[in-house]
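Starting from the structure of chain A, add chain B where the hints point.
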Amino acid sequence: MEEIYAKFVSQKISKTRWRPLPPGSLQTAETFATGSWDNEENYVALWSIGDFGNLDSDGGFEGDHQLLCDIRHHGDIMDLQFFDQERIVTASSTGCVTVFLHHPNNQTLSVNQQWTTAHYHTGPGSPSYSSAPCTGIVCNNPEIVTVGEDGRINLFRADHKEAVRTIDNADSSTLHAVTFLRTPEILTVNSIGQLKIWDFRQQGNEPSQILSLTGDRVPLHCVDRHPNQQHVVATGGQDGMLSIWDVRQGTMPVSLLKAHEAEMWEVHFHPSNPDHLFTCSEDGSLWHWDASTDVPEKSLLFHQGGRTSAFLSHSISNQANVHQSVISSWLSTDPAKDRIEITSLLPSRTLSVNSLDVLGPCLVCGTDAEAIYVTRHLFS
Amino acid sequence: MGFHQFGQACLELLTLDDLPTLLIPGVNSKKHQMCFDWGPGEMLVCETSFNKKEKSEMVPSCPFIYIIRKDVDVYSQVLRKLFNESHGIFVGLQRIEEELTGKSRKSQLVRVSKNYRSVIRACMEEMHQVAIAAKDPASGRQFSSQVSILSAMELIWNLCEILFIEVAPAGPLLLHLLDWVRLHVCEVDSLSADVLGSENPSKHESFWNLVTILVLQGRLDEARQMLSKEADTSPASAGMCRIMGELMRTMPILSPGNTQTLTELELKWQHWHEECERYLQDCTFASNPHLESLCKIMLGDEAALLEQKELLSNWYHFLVTRLLYSNPTVKPIDLQYYAQSSLDLFLGGESSPEPLDNILMAAFEFDIHQVIKECSIALSNWWFVAHLTDLLDHCKLLQSHNLYFGSNMREFLLLEYASGLFAHPSLWQLGVDYFDYCPELGRVSLELHIERIPLNTEQKALKVLRICEQRQMTEQVRSICKILAMKAVRNNRLGSALSWSIRAKDAAFATLVSDRFLRDYCERGCFSDLDLIDNLGPAMMLSDRLTFLGKYREFHRVYGEKRFADAASLLLSLMTSQIAPRSFWMTLLTDALPLLEQKQVIFSAEQTYELMQCLEDLTSGKPVHGGSDTQQCQDDDIETTKVEMLRLALARNLARAIVREGSLEGS
Numbered sequence: 008m009e010e011i012y013a014k015f016v017s018q019k020i021s022k023t024r025w026r027p028l029p030p031g032s033l034q035t036a037e038t039f040a041t042g043s044w045d046n047e048e049n050y051v052a053l054w055s056i057g058d059f060g061n062l063d064s065d066g067g068f069e070g071d072h073q074l075l076c077d078i079r080h081h082g083d084i085m086d087l088q089f090f091d092q093e094r095i096v097t098a099s100s101t102g103c104v105t106v107f108l109h110h111p112n113n114q115t116l117s118v119n120q121q122w123t124t125a126h127y128h129t130g131p132g133s134p135s136y137s138s139a140p141c142t143g144i145v146c147n148n149p150e151i152v153t154v155g156e157d158g159r160i161n162l163f164r165a166d167h168k169e170a171v172r173t174i175d176n177a178d179s180s181t182l183h184a185v186t187f188l189r190t191p192e193i194l195t196v197n198s199i200g201q202l203k204i205w206d207f208r209q210q211g212n213e214p215s216q217i218l219s220l221t222g223d224r225v226p227l228h229c230v231d232r233h234p235n236q237q238h239v240v241a242t243g244g245q246d247g248m249l250s251i252w253d254v255r256q257g258t259m260p261v262s263l264l265k266a267h268e269a270e271m272w273e274v275h276f277h278p279s280n281p282d283h284l285f286t287c288s289e290d291g292s293l294w295h296w297d298a299s300t301d302v303p304e305k306s307l308l309f310h311q312g313g314r315t316s317a318f319l320s321h322s323i324s325n326q327a328n329v330h331q332s333v334i335s336s337w338l339s340t341d342p343a344k345d346r347i348e349i350t351s352l353l354p355s356r357t358l359s360v361n362s363l364d365v366l367g368p369c370l371v372c373g374t375d376a377e378a379i380y381v382t383r384h385l386f387s
Numbered sequence: 025m026g027f028h029q030f031g032q033a034c035l036e037l038l039t040l041d042d043l044p045t046l047l048i049p050g051v052n053s054k055k056h057q058m059c060f061d062w063g064p065g066e067m068l069v070c071e072t073s074f075n076k077k078e079k080s081e082m083v084p085s086c087p088f089i090y091i092i093r094k095d096v097d098v099y100s101q102v103l104r105k106l107f108n109e110s111h112g113i114f115v116g117l118q119r120i121e122e123e124l125t126g127k128s129r130k131s132q133l134v135r136v137s138k139n140y141r142s143v144i145r146a147c148m149e150e151m152h153q154v155a156i157a158a159k160d161p162a163s164g165r166q167f168s169s170q171v172s173i174l175s176a177m178e179l180i181w182n183l184c185e186i187l188f189i190e191v192a193p194a195g196p197l198l199l200h201l202l203d204w205v206r207l208h209v210c211e212v213d214s215l216s217a218d219v220l221g222s223e224n225p226s227k228h229e230s231f232w233n234l235v236t237i238l239v240l241q242g243r244l245d246e247a248r249q250m251l252s253k254e255a256d257t258s259p260a261s262a263g264m265c266r267i268m269g270e271l272m273r274t275m276p277i278l279s280p281g282n283t284q285t286l287t288e289l290e291l292k293w294q295h296w297h298e299e300c301e302r303y304l305q306d307c308t309f310a311s312n313p314h315l316e317s318l319c320k321i322m323l324g325d326e327a328a329l330l331e332q333k334e335l336l337s338n339w340y341h342f343l344v345t346r347l348l349y350s351n352p353t354v355k356p357i358d359l360q361y362y363a364q365s366s367l368d369l370f371l372g373g374e375s376s377p378e379p380l381d382n383i384l385m386a387a388f389e390f391d392i393h394q395v396i397k398e399c400s401i402a403l404s405n406w407w408f409v410a411h412l413t414d415l416l417d418h419c420k421l422l423q424s425h426n427l428y429f430g431s432n433m434r435e436f437l438l439l440e441y442a443s444g445l446f447a448h449p450s451l452w453q454l455g456v457d458y459f460d461y462c463p464e465l466g467r468v469s470l471e472l473h474i475e476r477i478p479l480n481t482e483q484k485a486l487k488v489l490r491i492c493e494q495r496q497m498t499e500q501v502r503s504i505c506k507i508l509a510m511k512a513v514r515n516n517r518l519g520s521a522l523s524w525s526i527r528a529k530d531a532a533f534a535t536l537v538s539d540r541f542l543r544d545y546c547e548r549g550c551f552s553d554l555d556l557i558d559n560l561g562p563a564m565m566l567s568d569r570l571t572f573l574g575k576y577r578e579f580h581r582v583y584g585e586k587r588f589a590d591a592a593s594l595l596l597s598l599m600t601s602q603i604a605p606r607s608f609w610m611t612l613l614t615d616a617l618p619l620l621e622q623k624q625v626i627f628s629a630e631q632t633y634e635l636m637q638c639l640e641d642l643t644s645g646k647p648v649h650g651g652s653d654t655q656q657c658q659d660d661d662i663e664t665t666k667v668e669m670l671r672l673a674l675a676r677n678l679a680r681a682i683v684r685e686g687s688l689e690g691s
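Just so you know, the protein sequences line up as chains A and B, in that order. Under our numbering, the first residue of the first sequence carries the number 8, and numbering increases by one thereafter. Under our numbering, the first residue of the second sequence carries the number 25, and numbering increases by one thereafter.
With the rest of the complex left out, here is chain A (with noise of 0.2 angstroms):
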């Protein structure tokens, strides 16, 4: 990892999410969007990596990566999802639901839908209106799911006004985050370690299965879904601990690994090679996790600036009879097998890392420290 480049952009950012590419697009990604929050002013932002004629000729450290455009953004951005090429959606802190639109002819960003009451806690149009954070979207064209500390699950369609289903009290405690299983199924994690599958084919305000940590009730604070196996997902908790779990079997994880040191803000399954992970945390380091079986002499390492140490992981072999033609690398559970590299990718340690995103070989994160990192070479 020789090239991360750094920016500072004077303000903390929350979100960081590459533009998807068109289908079949043999290009590698160069725009992203990020959220700022904790500002007097917020602001979604679209940035551009492409090449500008090397501005810069000493190491190309000045426009590595630049502004296209910006919009205000009124609350903090709890999450950010690109609908599309174009449509970009946020979750407020006020509990809003935006879908901005940019132009990419004048480089502009626009407020194309909201659903303002998206979260609250007592009813809009009562006279003690309180509105809750909204804290997770996910997206799959035409539907946006949206979940908040309400305990509330939003099914909206883009082209329709108002929601077209709502789990009101889906859950007690604060929805950290939601991801689609298959459709019409999606998943969430909640503050008191659970995860819960939801089926929008039934009715009522039950899930389907509630799957959870045994114990301590860690807070899961987010989840990412094998893009090729579907029933493999991967959460992160408030102890840093990574779980793995297969949502056909059991209600406990497959696995649990010992990671951050502080709450795991992110997770994310690389999309076209999922044998490689990455993580993100409060404690300011960014892994990324090798499961590959291609990796010659595999041994659970850890490599930080050249150095290698060992790394210890807990990892519950309780589910041993998985009969499949393919199993995952990440539900192994023969020992020997059981090995993952991990590699930390910042060059040091910084306030907490909120957000990432992969996209082919490009990673970006974005962090307490008001710095957003960009590398274009994960996997040289």
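Since the hints were made in silico from the structure, they are not lab data. Every value quoted in this text rests on a predicted model; they were computed, and no experiment measured them. We put the CB at the ideal spot given by N, CA and C, even for glycine. The reader is advised that the hints may include incorrect statements.
[As the list claims (entries may be wrong)] Derived contacts from chain B toward chain A, CB cut-off under 7 angstroms, selection only:
| hint | residue |
| --- | --- |
| 1 | R104 |
| 2 | K105 |
| 3 | N108 |
| 4 | R302 |
| 5 | H448 |
| 6 | P449 |
| 7 | Q453 |
| 8 | T481 |
| 9 | E493 |
| 10 | S520 |
| 11 | S523 |
| 12 | D553 |
| 13 | D555 |
| 14 | L556 |
| 15 | D558 |
Frame of chain A, contents of chain B only:
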């Protein structure tokens, strides 16, 4: 520009006249009395309704409350990059291991100092871009003035680095000072490009200016190349140019890799100096005033140097050039003498020294405390003094100096800076690490500040909690969790409220929330938030009421699973162990009714006696209502019916149980 100098008053008692005044637009302090209140980083000011004069004429007062910010620079978008980037360097510096000694430690510290300076430079360049791009002239001017402040900061820092951190000895000292001057008087590069880019450089109007500046900065190789151009075009002066070029080439200088001693160098230099002197005496350059002036400069002639005031632009350039050509092996201790006389000669009594001059002079005098004091007064932010002082403290240069209040100077300045960060709505996270490295008052300051951070989302609260938990600030953890739990209760999010009170280990609040759960159950007949209550685990033990809530819910679950015997004994144990609050006993007894009515006998005779005992305890303790309220009467009626039904059911169950137990024993 703020009033941070009030803080300065602590360093040295200033007279009232010295204090700068800040006028608040719109406030009339002549007519009205003012009131104010201090905050950690800000001050509130407003007019009171009291008139100053006795006559009570009604003068409309200013309706606003003003917030006066102490450290305005914290709010600059560009400077935020400086704060964030230098935070990383600061934390790195604190972790430099104490064992590191001697050379390696020094080179580390110099590296850190250079990192700080490169951050200042990057910031300066960006500020410069912003100033150019500024739309209105007023803000353009403001940014430009920021650029010059940053430039001055870097100038001071660089000098401090040479004198206090690098501690360059005689010889290398001058080389460092030359680099320092070259870095900060850099118009020469654009001038050089201008001249060389012209058709005939030696005929360019600034040609001799350029050559002179190059000589003044000791860039003799470049000056020589320039002279060769002049020699090529005007054959008349070619001979003179050659001789001058030769003088330039042969000037002895200390090169870093060279092993020659200072004495050897001094001898060679003396020899070279005499040669220059000879050429001047011989009137070799008499026909070319430019070359003659150059020769005088190279002899260190003060008058000749002062003639170039314009090109030198400031006294410290004059000082360094003067040293270069008159005393290249100047000892650090002699610097202050040369500096003072250079300042006096350069200003020539026409103008008085500016704050920057005083700061640099204090540095040349090796008076670190004076440098820091002057900087604190002159600069509008604490960033500079806090970081510089901290670095110098790591160089072990400040140990002896203790203030008569609070802690030492390093800590005092760091606390001021960090408080400024905490006053900012977003930069508070940076402040935490600065407080961490203030051993004496950092912890209490952090405790005071951290509780005042507004928590608008749980995510932000979690970040604040993490800071507190890492530092074992249990009191603050409790109070933050309590705030969140209260908020959740207000929003009717009982599950959340319970989670937060469990995290805070706040038994009283857990009891309160549990009561709310039970009340809701009594009203609605079903439990909410089962996902939480069913998964309480060991956390259930936090408070008796919470234990009861968990166990009571367990009773319902067991009952739902038709494990009646287990359900019955659990229900009874809730009452006999006194976990259940008295007010809830009637509900529990009513819950026993369907169990009593089952076909098979569930409560044993002994258990039935216990249930009866509970019922009697409950009813005998009840005060007799004297009210004639109809509603009250109705309630009482229902209550009485309930008790009678229970008595009947219990009696019947007892009968069945005795019969059954008797027959079991008999068989």
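Going through the hints against the structure:
1. R104: Constraint on R104 (chain B) satisfied, holds at 4 angstroms.
2. K105: 4 angstroms, holds
3. N108: 5 angstroms, holds
4. R302: 46 angstroms, violated
5. H448: 9 angstroms, violated
6. P449: 5 angstroms, holds
7. Q453: 5 angstroms, holds
8. T481: This hint holds: T481 (chain B) lies near chain A, its Cβ roughly 5 angstroms from the closest one there, short of 7 angstroms.
9. E493: Result: violated, 9 angstroms to nearest chain A Cβ.
10. S520: S520 (chain B) check passes; min Cβ-Cβ to chain A is 5 angstroms, inside 7 angstroms.
11. S523: 5 angstroms, holds
12. D553: 3 angstroms, holds
13. D555: 6 angstroms, holds
14. L556: Constraint on L556 (chain B) satisfied, holds at 5 angstroms.
15. D558: Given a least distance of 10 angstroms, the restraint on D558 (chain B) is violated.
Hint violations for this structure: numbers 4, 5, 9, 15, all remaining hints satisfied.
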